[in-house]
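Going down the list, the protein sequences come from chains F and Y.
Take the first sequence: its letter number 286 is residue 286 in this note's numbering, and every next letter is one higher.
Take the second sequence: its letter number 22 is residue 22 in this note's numbering, and every next letter is one higher.
Hints may be right or wrong, so weigh each one.
[Claimed, not checked] Chain F regions said to be covered by chain Y (calculated; three or more residues, Cβ under 8 Å):
(1) 274 to 283
(2) 317 to 329
(3) 340 to 347
It should be emphasised that the hints constitute simulated quantities derived from the structure, not laboratory data.
Note that CB positions come from ideal geometry on N, CA and C, so glycine has one too.
Protein chains: 2
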Amino acid sequence: MRQAFIIGLDFGTASARGVLMDAESGHQRAVAVHAYRHGVISGSLPNGRKIPRDYVLQDPQDYVEALEVILRKLASGLEVVAIGIGCTACSPLLAYGDGVALLNDFHDEPHAYVKLWKHSAAQRYADAISAQGGEFLDDFGGRVSGEWMLPKALEIKNEAPVLWNKAERFIEAGDWIVWQLTAREARSQDFACFKAQFRPEVGYPSHIVPGLAARLSDPLPVGSPAGTMTEAWCSRTGVIGRPVVAVASIDSHVVLPAVGAIRGGAFVGALGTSAGFLALSDDYRRLPCGLEGAGFGAALPNVWCCEAGQAAFGDMLTWFVEAFPLAPDLAANFSKYNAAAAEMRPQQSGMLALDWFGGNRIPSADTTLSGLLVGLRIGSTGVGIYRSLVESLCFGTRLILELTEDGGVSIDDVILTSGLAHSNTFLVSVMADVLGRKVFVPRIENPTAVGAAIHGAVAGGVAANFFDGNQRFGAKSRNSFEPDLGRHAQYEVLYSQYKNLVANRELVGVMHRLYSASLNV
Amino acid sequence: MRQAFIIGLDFGTASARGVLMDAESGHQRAVAVHAYRHGVISGSLPNGRKIPRDYVLQDPQDYVEALEVILRKLASGLEVVAIGIGCTACSPLLAYGDGVALLNDFHDEPHAYVKLWKHSAAQRYADAISAQGGEFLDDFGGRVSGEWMLPKALEIKNEAPVLWNKAERFIEAGDWIVWQLTAREARSQDFACFKAQFRPEVGYPSHIVPGLAARLSDPLPVGSPAGTMTEAWCSRTGVIGRPVVAVASIDSHVVLPAVGAIRGGAFVGALGTSAGFLALSDDYRRLPCGLEGAGFGAALPNVWCCEAGQAAFGDMLTWFVEAFPLAPDLAANFSKYNAAAAEMRPQQSGMLALDWFGGNRIPSADTTLSGLLVGLRIGSTGVGIYRSLVESLCFGTRLILELTEDGGVSIDDVILTSGLAHSNTFLVSVMADVLGRKVFVPRIENPTAVGAAIHGAVAGGVAANFFDGNQRFGAKSRNSFEPDLGRHAQYEVLYSQYKNLVANRELVGVMHRLYSASLNV
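Could you build the full structure based on these sequences and the hints that come with them?
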């Protein structure tokens, strides 16, 4: 029998990554990364035309180029049976009825580009939608984010009506990539539920943006086959066979089966530049207060998935060590700070930080809030400040975990993944101490791409379901970090003060006024 | 006619400084500095015996050595007509009835040393005295500082009763130095009023520490002759003539006539490691709320003098630039930070600081409070933080100035002096902008020692009074810094937020708990 492979593709913000896995053994055989030709488009379009400061765009043709390069590198001449795709979201674009992007004909028009997830110019439309309210926001804390589908649709409809009228489709980049690969429009419930407030029993909240419903289509559950890769794509890449392509998934969700988070009770933290948290639950009453959104069966079948996050995470630590370096290169810099900070004891520095360097997501959903340091004395040290920043990140995570459990979602498995979970074991050990729980870091390379491959395996019948897919292709083991109960008790004192700062309304008022003052100069 | 000189002596914390001035022309002719042999004694006595952490002592014999060295260097073979002395306070010691320090016989006994002003072990006695209260605290906001005379007396009486019983005198170091020089005990009303709550019409509050009154003596007004320098001292130093020695004065007060602050309406900031402020007033109703103390005719004749201060000032900036250096030596480091910070506009950084790195004196008188930074974002810079720290120092000064005026003391002349006033013109220009007033920096070298020389001149009849002394020996000109009204308006926004932070009681609670937690580890 010929050897068969599966492929997972992870379309991130700056580049795409693919992993080739042996369908039988589950081993990773090859990895390929391709940076987008135009990267993240902000400030001006590729032709030099200026765009507003809060526009963050992408060229969809860059995805197609990455797709081709990666598939050819990984699998030219190999038999591939299934492909799965994870992608940033909400990152929608306008398309014609045949899947061709409007950008092909409108390269001078910013609204024809992919509006990348962090494009923030649609916030005022989001505010208007939230103010209007409605049942469709019940699982989203009553508010819609400016990053999501409905405000981005309203933005285009209002600000580029000509384009809007020409467009027959408004579609997530991940769904659009699947469409390119299979020549079938097959959208994902994961995108639809979390980013467009779709609910299987109700559909889209189509009354919010007149004409939007006609530009969408009903989505399929994750793990469904979207179609097979077209012959054209097979010949273009040298891939043998006609691999089944799964419906796409949000990149932060697609990782779940790769790290073993497939049951209610799992709490997964992806600790990168920012941090994203997913709490899985079998029983669910209402969205825990302060959390951002929840969907049933959308991220994984038959389970509720609640979302939350910290706006700044690794970037805050990187900012500090780069602003006040102890060593010329970043890795050595972090390693010196971590070693010195590990020598200190909790409470010793007398300092406490608020980790709101990128604003606050939980519990306030307010991007204009800011970071804080208190307890500064003559004699405070840079290392003490660094340690306070690390602790504040862990306090922020603990707040999210506590809100989750207080909201009725009980957690029995804390899993940390992504960059910092592997590169900063000092942070992970502080996390265990602050949470007072054992935390796990799965041992796996390229977890997001592997998760996408498992989606492909399920869709293509290589795996019977996500449990089977996890067993065969997911992490085989994990490192565990036990909390030190003495340090946990010391952190209680600091954490209670952290919560006092979070609850300090006058302080929030000061932050607001500082922020708006900074815009006026 | 032979040329005649006057001498001013400034006994500081680490060293003494003397200035020789031409009695006729008023020119400074020579300067001499002598560091104390034992410096500041903390941690252990010179014999190695450990002492508690909050003990800060000095050996009075070091003053005598400095006195001899400086007088010989400045004036051996010259005719000196008057000497004035400024000294740290409250820095008292025990003595026999003939002026000999008890330390001569009790070198192993910490309580026989000078208890330097910043000796803080008597705080609990101060708290007890404040709790008991009394009319004698009316001009001190109802509380006595742990640095002052009464609690330091109680401390010795309770903790070293044998010494206390042997001692016939408890006396400020400045008064003791005058005694050594003249062989006459002639105390100063300046020390007595501000540090021992003496009032001419009432006397000392002798009921607080039984037995203390017998160890004190009634003080004389500043500008009074204490006596003449003894023949023994003249022959020991080579000084010709029998110079009149003035009663001593607090070092921070003695500077006033040197910088031209001799009338009601003057507000003098001595910007050093910490900052001290004196507000002079002709009419006075009650101590402005939050200020620390006031006395009539004590610092200068016929004028009220109100005291206040900022616990951390230059040391906070030095801490920052040394913790996060831009250049290897301190001067270059400051000059780089100042140049870069001057390029920024108010409000631009979005940051705001509280300058409580050494606790807060005004308005809270709470050493356990701490510094704060808010408005931190990814992208904040070290220079932005530095600028926020400079601004916070100016906001702290403005708060003191406003409390002073709100309390009925009107100010028409803001004078800045000491280290930072000369070395950090960026800070002085921010100060003018923040205050929205013209501020003056007198052009004068060794202002404290010159002020002491003016006291000598008045006592010795060289000058008719302090006005005349100021005209002849004080600063001849001053630099002025005009406020920029545009920047002043921008600072209004930040200053109002600064006041919000000052008034934030929950934040103070967080600081208290962080401070006590830091003591527990």
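Verification of the hints:
1. Here the segment 274 to 283 of chain F counts 0 residues with a CB under 8 Å from a CB of chain Y, which misses the bar of 3, and the coverage is violated.
2. Given as covered by chain Y, the segment 317 to 329 of chain F passes the check, having 3 residues with a CB less than 8 Å from a CB of that chain where 3 are the minimum.
3. Counting residues of the segment 340 to 347 of chain F whose CB lies closer than 8 Å to any CB of chain Y gives 3, so the stated coverage by that chain holds, three being the minimum.
Taken one by one, the earlier hints fail for this structure only at number 1.
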